[in-house]
Structure formats: C-alpha cells, structure tokens
Amino acid sequence: MAYSDKVVEHAENPRNVGTLDKNDPTVGTGLVGAPACGDVMRLQIKVGDGGIIEDAKFKTFGCGSAIASSSLATEWLKGKNLDDAGKIRNVDIVEELNLPPVKVHCSVLAEDAIKSAIEDYRRKQAQKQLP
Amino acid sequence: MDTHLPFNVRLDPFATLGLAPSFVLDVPAVERRHRDLSRALHPDRFVGTSSSERRAALAKAVEVNEAWRLLRDPVRRAEVLFSRVGIPIDHQPATEPAFLMEILELREALGEAQAAHDLGAITRLSTAVAARARLLESELAEGFESARDDRDRLEPLVGRLGQLRYLQRFLDQVRAIEDDFN
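Here the protein sequences come in this chain order: A and B. For the first sequence, my numbering begins at 4 and goes up steadily by one. For the second sequence, my numbering begins at 73 and goes up steadily by one.
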C-alpha cells in the first residue's frame, strides 16, 4: 500500500521518540494496543506548572501509520493544556496524514493513547492530594 | 496492520478443502490436499474445454489458494472459526494492561538486541515468545474443541486470539531482523 508523503516523513523521522519516567508524578503514561493487529503504543506527557504539557514522548511498535500517528500526536500535544489536549480527535490525525480507511484504526490508537496518558496524569494528581 | 476482515466470509475455507471445521489441523495433510486440488484445477488441464468451464476452474483454483492461505495460519484459522459462528473479530475487547506492558518490554528488549547486533539475545527472546505462542495455540485448540459451536463459550477465546496476534507480530519482527542480518 502507498503511504502518503506525510506518513513516510514521520515514519522515517519520528519526532519525540523516547521515554519519560513513569514514576514521576508530573508524567502521565498511556499504554494502548490493537489486538486486531498486534500493534503496541506508549505515549507519555510531562505536565508543567499551569497544566501545560511541556514534553511528550512516544514509543510505537507497529506499522508506519501507527508510528506517524503517534509522532504527530506528540508534536501536537506539546504546549497544549490538558483540556485542549483531550480534544485531539483521531479524525484530525487522519486528515493531517491522509490516512486511508484501512489505517484509520492507527489514528484511533493514538487518540486512545492521548486520553489514557491524560487520565493517568490526572489519577496521579488526585492521589497526591489525598491526605 | 489492516483490521478489515481478511477473507471473504461467504466462503468457507474448510468446505473448500473438504475438511471438517476445526482449529486442530494436520497441516501437512491439508497442504497435500491443497496441492492435489491445485493440480487438478490447473489451466493446462482445461485446454480445449469451454470458456465457462475454464473460468469456473480458475475461480475454484483461486478459492482453493485462499482457503489454504487462511487455514495454514493459526490466527487466520481462529478468525475463520469465530466468523463461522458470527463472533465479530474486528471489534476486540481491550488487551489487559499487564500483557501490553509485557509485550512492550519484549519489543524494547528486541530493539536493544537488534541495536547491539546480539544474535544470541534475539534467539533467546524469539524462542521464549514462540513457546508462549504455542501455549496460546494449544489453549485455543482446547477452547475450540470443548466449546464446539457454543457462542457464549467461544466468545472469551477472542481475547486469547488477540494475545496470539501480539506474539505473532513480535515473531514477524524477529524474522525481519534476521533477514536484515543475513
């Protein structure tokens, strides 16, 4: 299958590949997988003062579209507050990367990873505030 | 990877190859049957027959090839068996976090072994994962045998199939790395 130029570009030069300390209370980690194809994606955010995402990293084991979707997601996440980050939709990723219908699920995986990273961060913050 | 149904559900690959539907298959025997059928359907044998006969033989040959492609692979075979009883396989339950974590760690370890050109480590990882895949396959086999066509008993096995796909993807990656090294 032919990948769009943007997918190839992200897959060959993925942005923000790496790992943040998952035990850091300011880091939220989202780990998601696609049982229908066996892809695994980890996306992490580091949230600074004022609730702004100051860093985002990912590691994806899967096809080019899955790598590109998560790479793009980390680019979009940086500098956003959590509410805006939570508004990123898979269709935005599909549009930006020109993903064909059979690769739409890769963008869904990226959206799930974002949500689950935000959730993880919020859970940690809530725990911190317990007496 | 694509998640659309990987085969034509109207076509029963077991029936095409004259087999009773089962997860447990004598794969070499099925391969022989595929070969025999393919030979019998070869276009050379239809020289001089009517064009409709030739078309029918060709269509049948395509069907036979597709059936063999589906049944020789345990993941596809399980997909066929789920589809036969109407269990959807493209909307799967989420994978348990602990299992995902394990897969991620295995993939990271494989990446490190690849970067270090450590063939021994790659072999160790691949042997361990292949053993787990075989274990899952035998669990699936047992599950399919005891559930027969009972949907309620088959449904929980879909998660096992998902796990098998993660392991298979890992082993695909091992093969890609080995091809690279050779």
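Don't take each hint at face value.
Said to hold, decoys possible - FRET-style restraints, in silico, Cβ to Cβ:
hint, chain 1, residue 1, chain 2, residue 2, range
1, B, Leu-191, A, Glu-122, 49 to 57 Å
2, B, Ala-128, A, Gly-89, 20 to 28 Å
3, B, Arg-148, A, Asp-95, 28 to 36 Å
4, B, Ser-124, A, Glu-12, 44 to 52 Å
To be verified - Reference excerpt, derived from the structure (chain B facing chain A, CB under 8 Å, subset only):
hint, residue
5, Pro-169
6, Leu-172
7, Met-173
8, Thr-195
9, Leu-197
10, Ser-198
11, Thr-199
12, Gly-234
13, Arg-237
14, Tyr-238
Just so you know, the hints here were simulated from the structure itself, not pulled from any lab data. Idealized CB from N, CA, C, for every residue including glycine.
These are the hints, each one checked on the structure:
Judged by the Cβ atoms, the range 49 to 57 Å given for B:Leu-191 and A:Glu-122 is violated: they are separated by roughly 40 Å. For B:Ala-128 and A:Gly-89, the Cβ-Cβ distance of about 56 Å falls outside the hinted range of 20 to 28 Å, so the restraint is violated. One distance hint, 28 to 36 Å for the beta-carbon pair B:Arg-148 and A:Asp-95, holds here, with the actual separation near 33 Å. For B:Ser-124 and A:Glu-12, the hinted distance range of 44 to 52 Å is satisfied, since their beta carbons lie about 50 Å from each other.
Because the smallest distance between the Cβ of B:Pro-169 and any Cβ of chain A comes to about 6 Å, under 8 Å, the interface hint for this residue holds. Below 8 Å, beta-carbon pairs count as interface contacts, and B:Leu-172 has one with chain A at about 5 Å; its hint therefore holds. A distance limit of 8 Å between C-beta atoms decides the matter here; for B:Met-173 the minimum to chain A is near 6 Å, and the interface restraint holds. Hint status for B:Thr-195: violated, given a least beta-carbon distance of 19 Å to chain A, over 8 Å.
Here the hint on B:Leu-197 is broken, as its CB sits about 13 Å from the closest CB of chain A, past 8 Å. About 15 Å separates the beta-carbon of B:Ser-198 from the nearest beta-carbon of chain A, more than 8 Å, and the hint is not met. Checking B:Thr-199 against chain A by beta carbon gives a least distance of about 19 Å; that is not within 8 Å, so the hint is violated. Nearest Cβ of chain A to the Cβ of B:Gly-234: about 3 Å, under the 8 Å cut. The hint holds.
Hint status for B:Arg-237: holds, given a least beta-carbon distance of 4 Å to chain A, under 8 Å. The beta carbon of B:Tyr-238 comes within 4 Å of a beta carbon in chain A, closer than 8 Å, and the hint placing it at the interface holds.
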